[in-house]
Amino acid sequence: MAINKSRPKKPSKLSVYLYIPNIIVSTFGAVLDMITDRISTACLLVILSQVYRPGLTFVSLVALDIGSHWLQMYSTFLLGKASHKDVKDSTSWLFRAYYGNRMFMAYCCVACEVLYISLYLLAEKPTEHLMDVLLSLTKEISPFSILVGLSLFGWAIKQVVNVIQMKTAADICVLHDINKKESP
Amino acid sequence: MAINKSRPKKPSKLSVYLYIPNIIGYVRVLMNVYAFAICFSNKQLFCILYFISFGNKIGCFYFGFSFVCDGIDGWAARKFNQVSTFGAVLDMITDRISTACLLVILSQVYRPGLTFVSLLALDIGSHWLQMYSTFLLGKASHKDVKDSTSWLFRAYYGNRMFMAYCCVACEVLYISLYLLAEKPTEHLMDVLMSLTKEISPFSILVGLSLFGWAIKQVVNVIQMKTAADICVLHDINKKERP
Numbered sequence: 001m002a003i004n005k006s007r008p009k010k011p012s013k014l015s016v017y018l019y020i021p022n023i024i025v026s027t028f029g030a031v032l033d034m035i036t037d038r039i040s041t042a043c044l045l046v047i048l049s050q051v052y053r054p055g056l057t058f059v060s061l062v063a064l065d066i067g068s069h070w071l072q073m074y075s076t077f078l079l080g081k082a083s084h085k086d087v088k089d090s091t092s093w094l095f096r097a098y099y100g101n102r103m104f105m106a107y108c109c110v111a112c113e114v115l116y117i118s119l120y121l122l123a124e125k126p127t128e129h130l131m132d133v134l135l136s137l138t139k140e141i142s143p144f145s146i147l148v149g150l151s152l153f154g155w156a157i158k159q160v161v162n163v164i165q166m167k168t169a170a171d172i173c174v175l176h177d178i179n180k181k182e183s184p
Numbered sequence: 001m002a003i004n005k006s007r008p009k010k011p012s013k014l015s016v017y018l019y020i021p022n023i024i025g026y027v028r029v030l031m032n033v034y035a036f037a038i039c040f041s042n043k044q045l046f047c048i049l050y051f052i053s054f055g056n057k058i059g060c061f062y063f064g065f066s067f068v069c070d071g072i073d074g075w076a077a078r079k080f081n082q083v084s085t086f087g088a089v090l091d092m093i094t095d096r097i098s099t100a101c102l103l104v105i106l107s108q109v110y111r112p113g114l115t116f117v118s119l120l121a122l123d124i125g126s127h128w129l130q131m132y133s134t135f136l137l138g139k140a141s142h143k144d145v146k147d148s149t150s151w152l153f154r155a156y157y158g159n160r161m162f163m164a165y166c167c168v169a170c171e172v173l174y175i176s177l178y179l180l181a182e183k184p185t186e187h188l189m190d191v192l193m194s195l196t197k198e199i200s201p202f203s204i205l206v207g208l209s210l211f212g213w214a215i216k217q218v219v220n221v222i223q224m225k226t227a228a229d230i231c232v233l234h235d236i237n238k239k240e241r242p
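Line order of the protein sequences matches chains C and U. Those letters in the first sequence? Residues 1 to 184, by UniProt numbering. Those letters in the second sequence? Residues 1 to 242, by UniProt numbering.
So that you can see chain C by itself, here it is in the shape it has in the complex (with noise of 0.2 Å):
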C-alpha cells in the first residue's frame, strides 16, 4: 500500500498557537502582536492619565491612538494590503516620509515610548502637572532632557502622522462603497 507523503500533514490548531517565531509568520501571531501593542501602550497612557494633570490629555491620546489605528486597519482590510505599512498612495508628503523610510517611522515610534516612559519616570508625586514637570527639565539641560527633547519631537511628528492617517483610511472606507456602486 503506497503512503501519500505528497501532501504536508495540516498543522493543528495547538501547534500553530506555539510556533516560536509567532510573531508574523502567521495571521495569529500578526494580530496578537497588534493587540498587545494597542493594549500595552493604552495602558501606559491610562497609567500617564493617573498621574498627570490636565487629567484628559492623556485620554485624549488614548483615543486618538485607538481611533486612528483601528480605521487603519479597517482600510487594510478593505485594500487587501498586507499591511497598513505599505501604504504608498498618499500625495501628503510627511506621510510619504514616514511610511517611506523606515528609520524615520522606527524613530518616531520609537520617540513616542520613549517619552511616556520619561514621563512615568518623571513622576514624583501622586499627581503632577504636566506643564510643570516638562518646564523643569528645561530650566537644566541634561542629558536626559535632551532624550526628552527629541522624544518630544518624534512624538509630535507621530500624532500627526495619526490624524493624516484616519483621514485616508476614512476616504479608503468611502471609496471602497463608492467603487462598490460602480460595479454592482
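Hint data in this document are derived by calculation from the structure and do not stem from the laboratory. Please note: incorrect hints may appear among the correct ones.
[Said to hold, decoys possible] Once the Cα atoms are required to be at most 25 Å apart in a straight line, the calculated DSS-like pairs of lysine-lysine come out as:
(1) U/Lys197 <-> U/Lys183
(2) U/Lys225 <-> U/Lys239
(3) U/Lys238 <-> U/Lys225
(4) C/Lys167 <-> U/Lys238
(5) C/Lys125 <-> C/Lys139
(6) C/Lys180 <-> U/Lys13
(7) U/Lys13 <-> U/Lys79
(8) U/Lys183 <-> U/Lys43
(9) U/Lys79 <-> C/Lys180
(10) U/Lys13 <-> C/Lys181
(11) C/Lys181 <-> C/Lys167
(12) U/Lys225 <-> C/Lys181
(13) C/Lys180 <-> C/Lys167
(14) C/Lys125 <-> U/Lys197
[What the hints assert, rightly or not] Cβ pair distances, simulated, as ranges:
(15) U/Glu198 <-> C/Gly149: 36 to 44 Å
(16) U/Val27 <-> C/Val160: 22 to 30 Å
(17) U/Leu205 <-> C/Thr57: 28 to 36 Å
(18) C/Val160 <-> U/Gly55: 29 to 37 Å
(19) U/Val83 <-> C/Ser136: 22 to 30 Å
(20) C/Asp37 <-> U/Val218: 19 to 27 Å
(21) U/Ile199 <-> C/Lys125: 34 to 42 Å
(22) U/Phe51 <-> C/Thr57: 24 to 32 Å
Being a predicted model, the structure only gives us computed values, none of them experimental. C-beta atoms are modelled at their ideal positions from N, C-alpha and C, and glycine is treated no differently.
Got chain C sorted already, so can you dock chain U onto it with the hints?
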C-alpha cells in the same frame, strides 16, 4: 445625441461624508468630546450626554431591529438608502473610544488602579480580535456569529434582548460608578459595599447591571478565544490549498 441615463452617477466622496447617518455620527462624536471635556466639572451633564450618545443604540432595541444592533444612525442609513462602510466604522470607533475614555476616567478615580485598566485591555483586545476574525470570515458583522458551541455564546448572540441587556448593563454600571464617586479617590469595594448597606432603587439598578456586566465580560473572553481560533484556522486552511 442620446444622453445615457441608465447608469446612475457615482456619488462623490464629499456626498458620502455628508450622508445623513454619517452626520448623526459626527454629532455623536462632538457630543462625546464635549461630554468628556466637562466630565469633571459637571458630572450630571456628562452622564446625560454620554447616555444620549449611547441611547443611539438603545433606540434600535426599542424599535426592535432584529439584525445588526446599530441604532438611530443605522436606521437612518437604511431609511434614506445611505448605508456606508465609513458610517459603520465611525459608529464602531465612537463606541470603542467612548467606552475606553470612560474606563480611563474610572481608573483615575477608583482604587485598585489596575481594575479598570484590565477592563480596558479586555475591551480593546476582544473587539480587535473579533473584528479581525470577522474580516477573515467575510461575515457581515461579528454579531452574526452562529457557529460557536458555547451555550452562553449562543444565548448571548441568539437573543437580541439579552445581548441588549448585557451591553446596556455595562454602560449603566460604569456611569453609576462614576456618579457614586464623591472623593477624588475611592476604593471600589468600599463603594460597592456601601450600596448593599441600604437597599435603594439605585442599588438594585447597580446590582442588576453588575450581573449583565459580568456576562458581557465572560462573553468577551470567549469571543477572544473563538476569534483567535478563526485566525489560526485561516492559516491552516491556506496551507491546504497553496
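**Asked** Among all the numbered hints in the text so far, which are the ones the structure does not match?
**Response** Hint check: 4, 12, 14, 15 and 19 fail, others pass.
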